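Undergrad: If you want the building blocks of each chain, they are given just below.
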Amino acid sequence: MDQLGQIPQLVVSGITSGCIYAIVAIGFSIIYGGTQVINFAQGEFVMVGAMVAAVLLTKFSVVIAFPVAVAAGCVVGALLALCVLVPLKRASVVSLIILTVGASILLRGLAQLFWGEEAKHVPYFTGINGAEDRTFHVLGAVISAQQVWVVGVTILLVAATHLFFRYTLVGRAMRACSSNPTGAKLVGISVQKMIVLSFVMAAGLGAIAGVTVSPYFYAKCNMGTALGLKGFCAAVLGGLGSFGGCIVAGILLGIAEALIGLVMPSMSDYKDAVAFVILLIVLLVKPEGILARKKVVA
Amino acid sequence: MAVADSYATCSITRRRPRADARVLLPFAVFAIAYLVAPRFAEDKVLTSLIYIGIYVLLGLGLNLLMGYAGQISLGHAAFFGIGAYVSAILTLQPVQEPIIPGISAGIGLMAGAAALISLTRVSGWKLAASVVALLALSLLCHALGAGLVFTLMIVAVGMALMGLPLRIGVWKPAASGVIDIAAAAICGRFLARVLANGGASPWTGIVVGIIVTGLIAYLIGALVLRLKGHYLAMATLGFGVIIKIVFEKWVAVTGGSSDGIYGIPSIPIPHAMQHFFSLFRGRAVSPKEAYYYLVWLFVFAALVLAVNTVRSRVGRAFRAVHGSEQAAESLGVDTERYKVQVFVVSAALASIAGSLYAHNVGVGFIHPSEFSFDVSVMLVVIVVLGGLASVWGALFGAAAIQLLKDWILALGKRDITVLGLAIKGLDPIVFGTILVVVMMVLPQGLVRGLTDLAAGAIRGARSAAGRKGRQEQ
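Note that the protein sequences, when read in sequence, are chains A and B.
The letter at position 220 of the first sequence is residue 219 when you use numbering that gives the first Met the number 0, and the numbering goes up by one with no holes.
The letter at position 236 of the second sequence is residue 235 when you use numbering that gives the first Met the number 0, and the numbering goes up by one with no holes.
Hints may contain errors.
Said to hold, decoys possible - Derived EDC-like pairs (lysine to aspartate or glutamate); straight-line CA-CA distance at most 20 angstroms: (1) K248(B) to E96(B); (2) K287(B) to E117(A); (3) K227(B) to E324(B); (4) K287(B) to D405(B); (5) K248(B) to D271(A); (6) K43(B) to D405(B); (7) K412(B) to E116(A); (8) K88(A) to D451(B); (9) K404(B) to E41(B); (10) K404(B) to D42(B); (11) K248(B) to D258(B); (12) K58(A) to E117(A).
Said to hold, decoys possible - One-sided excerpt, in silico: chain A residues whose CB lies under 7 angstroms from chain B: (13) P86; (14) V92; (15) I97; (16) R107.
Source of the hints: derived by calculation from the structure; they are not laboratory data.
No experiment lies behind these values; they were computed from the predicted model shown.
The C-beta atom is built at its ideal place from N, Cα and C for all residues, glycine as well.
For reference, chain A alone in the conformation it holds in the complex (with noise of 0.2 angstroms):
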C-alpha cells in the first residue's frame, strides 16, 4: 500500500523530465526534417542553455537570464548550421554523424573548461528565497513551482512551434523544404538559409527547456550526452517528425523511467538503461516501422 501511494508522485517527477525528452525530440525532428542530419549535438544545446542560465542567475534575474541564455544557445545553433552546410552536399551519412559527434564533444569539453565540472545549483523561477521552492499538494503527489514551470513551458513550446509550422510564412518555407528541397528552391525558399533557421529553432528550444529544468536538475557539463540520447529514444518512438508523437513518447519515456524502481526494485540501478533498452526492443521488434515513417513533414 506504501508502495502504491508513491506513484503519483513518480508519475509526476516522470512527466517533469519527459516534457524535457519530449522538447529535445522536437528539437531532432525540426533539425531532421530540415537537412535529413540527426544532430548528435542536440542535447549539448539544452546543457548550454542549463550552464548559461546557471551563471548568470548567480546575479541577475530570471528576466535577464532567460533570454540571454537562450541567445546563447541560439549562436551555438547557429554556428553549428555552418559548420554542417559546408560539407552538406558532398560528405556521406556517417561523416555528418561523425562531424556532430565532433561537435557535441567539442561544446562539451569547452563547458567543462570555463565553467568547471561540479554541478552547479540553479534558484528555483518563483522559490521562496532561492533554496527551497513552492509547493502543492495535489491527489498525494506533491508538485513543485518548478514542474509547473517546466511542463507550463512545454505546452506553451510546442503549441508555439505547432503554429509556426503551420500559419506563418517562414514555417511553411520550412516545411516545403523538408518535403521537397528542389521543389522549395524553384518557388524561391532560400533551403540554405532555412537549414541554418531549423538549427537555430531546435538549439532555441533546447535552451529554453535546459534553463527551465536546471533548477530541478542542477546544471552540469556532461548532461547534454543523456539527455540528446534519450531525446533521440522519444524521437524514434515517437516517429521522427510527428510533434504530437514526441510529446507522447517523451512523457512515457519518463514516467518509465520513474516507475521502473517501483515495479522492480533491483533494477532501480539501472534507470537510465531503460530508454536505450526501450530503443532496442522496438529497433529489434519492429525495425521496419520506424524506417517506414521517415517522411518528415512538421
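Given the coordinates of chain A, work out where chain B should sit on it, guided by the hints.
TA: Showing chain B alone in chain A's frame:
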C-alpha cells in the same frame, strides 16, 4: 600492352593476385621497426608504444567496419570493455557463487539465440517469441530438476513444436535449443569452476573474452545492423551506454564505479618467446619490453588479417555493401551476413585489445570510465585521422592520438593558465575540433584527403604546365 592488361583483368580464370612488393614492403619495414624499436626506446616511450599498439588493434577493427563496410559504430568502447572485464574477472577475483548459474544460463541463451538467428534467419516478433520459449523451457527444466540429457530432449522437442506455428521449420529451432542447453552446460562445467576459483591464466581470459564478446556482437549485430545511418549510430551508442551502466552498477561482478578492478596480473609470456625477443633486444627482455613485443605481435597478426581481408573476395563484398547495399544484394552478395561478420571480427579485435589493456604491465587496473562514450568517440577519431578505408592509416591515427594524449597530459601537469582558465582535461576539445574540422574539409579522412589533395595539385600543375607549353608552341 594495354590490350594484354585489360585481357588479364577480364579473364575469369585469372588467379588471385599474388602478394606483390607493394603489399609486402610495408610489412617488411614494419617488422624491422617492430623488432629493433626497444633498443632505442626509453621506458616512457615504451609505455606509449604499448598503448599505441592497443589503439591500433581497436582502430583496425573499427576501420574494417566503418571504412570498408560503411557501418558506423559509436559503441565500440563496449566491446573493448567487455574484453577487458572478462579477462580481468577470470584471472582475478572469485565471483560470488549465486551469480554463476545465471551467467552460465545467460551465455547458453545467447548461444541458442545466435544459433536461432543464423540457422533460421528469423527476426522480429518471431525471434522474440522463440527466445522467450527457449528461456521458458530451460527454466521449466530447471524447476523440475531434470538432468542434462532429459533437459536437452525437452528443450529440443519444445522448440521443434514452437517452430511449427511460427513457420520456421522443426529441425532448426530444435538444433538451436540443443546448442542453448549444451552451451549452458559447458559453461556450467568449465566457466563456473574458473569463476568460482578465480585466478585463471590470462591466456584463458583472452580466449573467453573473444568468445563472449563475439557472441554479444553477433546478437547485437544481427539486431541493429539492419538499421542504416543515424539509426545504426544511435543504436550502437545506446548499446555502449547500457554496457557502461552495467560495468558501473553490477558491483558484485565488476567492482562497480567506486573501486574498479585492480591488481590484475600481467600476461605470462612463454620462455621460448621471451628468448626469441631477447635475440633482437640484444639482452634479456624486461617485462615491459616483453609486453611491448607481445602487443605488437597481435598488431602484426591483425594487420596481416586486415590486409588479406581487404584484398580478398570478402573485402570486395564489404566495399560493395558500402557502395550500395541494393546493388550488392542484386549481385548475390549476402549483405546481412557480411555486415554481421565484419561486426563480429571488429568486436573480437576490440576484445583482444581490451584484454591487453587490462593486463598491461605495471597498471593492472580497469575502471568503467575507461570504456565510456568518450572512448568510443576517440576510436572514431583514430579511424578518421588515419583515413576511412585505409589499413595502414590506423597506425598513423593511433600514434597521433597517443601523442596528443601525452601532450595534453603534460600540459595539464604544468598548471598553465590562459585567460585565467586552468588548461586541463583538453581531450574533448582537441578531439572534437579534429572531428569537426577534418569532416568539414576532408570527409575522406586526413591521410586519404591529403594524398588526394596532393595528387590533385600535381595533376593541376601538370596540366597547367602542359597548357603553357602548348601556348608557347
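Undergrad: So which of those numbered hints doesn't the model satisfy?
TA: 2
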